[in-house]
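Protein sequences, first through last, are from chains V and L.
To convert, note that position 27 of the first sequence is 27 in the working numbering; the numbers rise steadily by one, no gaps.
To convert, note that position 135 of the second sequence is 135 in the working numbering; the numbers rise steadily by one, no gaps.
Fair warning: there could be bad hints in the mix.
[As the list claims (entries may be wrong)] Which stretches of chain V does chain L cover? Using the computed rule of at least three CB atoms under 8 Å from a CB of chain L, they are:
no.	stretch
1	32-44
2	118-126
3	131-138
[Unchecked claim] Some chain V residues near chain L, calculated using beta-carbon distances under 7 Å:
no.	residue
4	E51
5	N84
6	P85
[To be verified] Negatives, chain V to chain L, calculated, CB over 12 Å:
no.	residue
7	R27
8	S54
9	E92
10	P103
11	A108
12	P109
13	W110
No lab work stands behind these hints, which were simulated from the structure alone.
Since this is a predicted model, take the numbers as computed values, not measurements.
Even glycine gets a Cβ: it sits at the ideal position worked out from N, Cα and C.
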Amino acid sequence: MLNAFRLLLPALIPSWNFFDVIAPSPRVEYALTSAKDAAPADWREFRPRPERVSVPALLTRLFWNPRWNQTLFVVSCAERLADNPTDHSQDELFRRIAADLSPDLDAAPWLSFRLVFLSRQGEVIEREVLYQSAPRRRQDIAVR
Amino acid sequence: MILEAAARLTEILLALALIQQGLEHLRGFRDERLLFGARTVLCVLLVFGVASPWPLVGLAGLSLLILHRFQGPYNGGSDRMGLLALWCLTLSRLAPVPQWKELAFGYLGVQLVLSYFISGGVKIVNADWRSGRALRDVFRFSAYPVSEALRGWADRPRVLRAMSWAVILFELAFPLTLLSRPALIAGLAVAALFHLANACLFGLNRFFWTWLAVYPAILWLQARLF
Chain V
1 MLNAFRLLLP ALIPSWNFFD VIAPSPRVEY ALTSAKDAAP ADWREFRPRP
51 ERVSVPALLT RLFWNPRWNQ TLFVVSCAER LADNPTDHSQ DELFRRIAAD
101 LSPDLDAAPW LSFRLVFLSR QGEVIEREVL YQSAPRRRQD IAVR
Chain L
1 MILEAAARLT EILLALALIQ QGLEHLRGFR DERLLFGART VLCVLLVFGV
51 ASPWPLVGLA GLSLLILHRF QGPYNGGSDR MGLLALWCLT LSRLAPVPQW
101 KELAFGYLGV QLVLSYFISG GVKIVNADWR SGRALRDVFR FSAYPVSEAL
151 RGWADRPRVL RAMSWAVILF ELAFPLTLLS RPALIAGLAV AALFHLANAC
201 LFGLNRFFWT WLAVYPAILW LQARLF
């Protein structure tokens with residue numbers, strides 16, 4: 001309970017420094033492998049953005065936007081994991097990724113993810129992998 | 001606008017905003033469905049004014065469980081403003097004397113003003129914001145643009161520089177709108193459009209509804225002070 005009050009405090013005494021600096025931005029990538037010790041090779045971006053979103057869809061999302069808001073939570077977890085690794089952030093990322101994948105576990109039962117941070121150096125956007133998880137068996141990840 | 005009416009309107013708007021969020025969570029994992037299902041029920045009671053102030057007290061207690069569940073806010077700033085509004089309303093309802101009720105609700109109004117003013121302050125001292133570079137970075141590589149096509153805005157530096165200055169000046173000037181009722185209403189309308197743009201461009205729909213819910217607090221505070 002003390003921890004919950006500690007988490008509440010920044011809401012009751014807010015800083016309101018939205019976007020004061022544009023920090024390196026995380027992308028979550030995942031890979032499936034057939035064995036625990038197999039090196040992940042085929043990294044795929046988790047929930048890549050669509051090329052376009054129509055105006056009606058944008059307006060609808062004012063009222064119903066669960067997938068995007070969950071994606072923003074995934075971004076928060078990625079930032080937390082890079083700053084201060086915890087089981088909670090890692091578990092949340094595994095659960096959200098696993099829930100999006102096909103339930104077919106036979107072909108590739110092991111899931112890994114990594115966090116790629118994008119930042120601007122001069123005019124160039126650089127990518128840096130700041131975290132890579134150990135593989136986790138998909139059937140051990142609670143997705144309900 | 002008297003305190004009772006302003007607080008009641010804020011309660012209803014906040015409850016509706018929390019219901020909107022709660023319904024989104026009903027697609028989530030089982031523990032989320034339980035937490036947000038319970039929160040939605042309490043919000044419905046709050047909208048209809050049933051058993052006041054206990055739905056507020058229950059929501060405040062539940063907010064701690066939700067913070068624990070996600071180890072912080074689920075959606076950053078918008079959830080923090082929702083929490084602030086919820087706890088200010090709860091403390092205002094439970095306060096034993098009128099002055100304390102005013103203090104708790106007035107604090108919410110002050111924080112709304114600060115949410116714009118401080119946001120403008122931290123931007124204007126940053127050279128990247130003054131040049132438009134920061135907003136270019138937001139469009140170019142941040143996680144927020146809702147489509148790849150929107151990233152093309154990063155190639156319009158003059159437009160983004162003008163947008164940056166428009167946002168900075170509006171946020172810094174917002175406290176001045178407190179000097180007159182029509183100015184405040186106009187300021188809140190512009191702010192709502194700003195949140196609407198953020199909702200469309202960056203998918204921040206929760207900011208739109210949560211900040212709108214707090215507007216009665218500043219309308220009351222302005223009438224109380226000026």
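Here is what the structure says about each hint:
1. With 0 residues carrying a beta carbon less than 8 Å from a beta carbon of chain L, the stretch 32-44 of chain V misses the three-residue requirement, and the given coverage is violated.
2. Requiring three or more residues with a Cβ within less than 8 Å of a Cβ of chain L, the coverage given for the stretch 118-126 of chain V holds, as 4 such residues are present.
3. For the stretch 131-138 of chain V, the assignment as covered by chain L is violated, since 0 residues bring a beta-carbon within under 8 Å of that chain's beta-carbons and 3 are needed.
4. Taken as an interface hint, E51 (chain V) checks out: its beta carbon lies about 5 Å from the nearest beta carbon of chain L, inside 7 Å.
5. Proximity of N84 (chain V) to chain L is violated relative to the hint, the smallest CB-CB distance being about 10 Å (cut-off 7 Å).
6. Because the closest C-beta pair between P85 (chain V) and chain L is about 12 Å apart, greater than 7 Å, the hint is violated.
7. Not every Cβ of chain L is farther than 12 Å from the Cβ of R27 (chain V); the closest lies at roughly 8 Å, contradicting the non-interface assignment.
8. Against the 12 Å criterion, S54 (chain V) falls within the reach of chain L, whose nearest CB is about 10 Å from its own CB.
9. A beta-carbon of chain L is positioned within 12 Å of the beta-carbon of E92 (chain V); the least distance is around 8 Å.
10. The claim that P103 (chain V) lies off the interface holds: its Cβ sits roughly 15 Å from the closest Cβ of chain L, which is beyond the 12 Å cut-off.
11. With a least CB separation of 23 Å from chain L, A108 (chain V) remains clear of the 12 Å interface cut-off, as annotated.
12. Interface exclusion of P109 (chain V) from chain L stands, the closest Cβ pair being 21 Å apart, more than 12 Å.
13. No beta-carbon of chain L comes within 12 Å of the beta-carbon of W110 (chain V); the shortest separation is about 22 Å.
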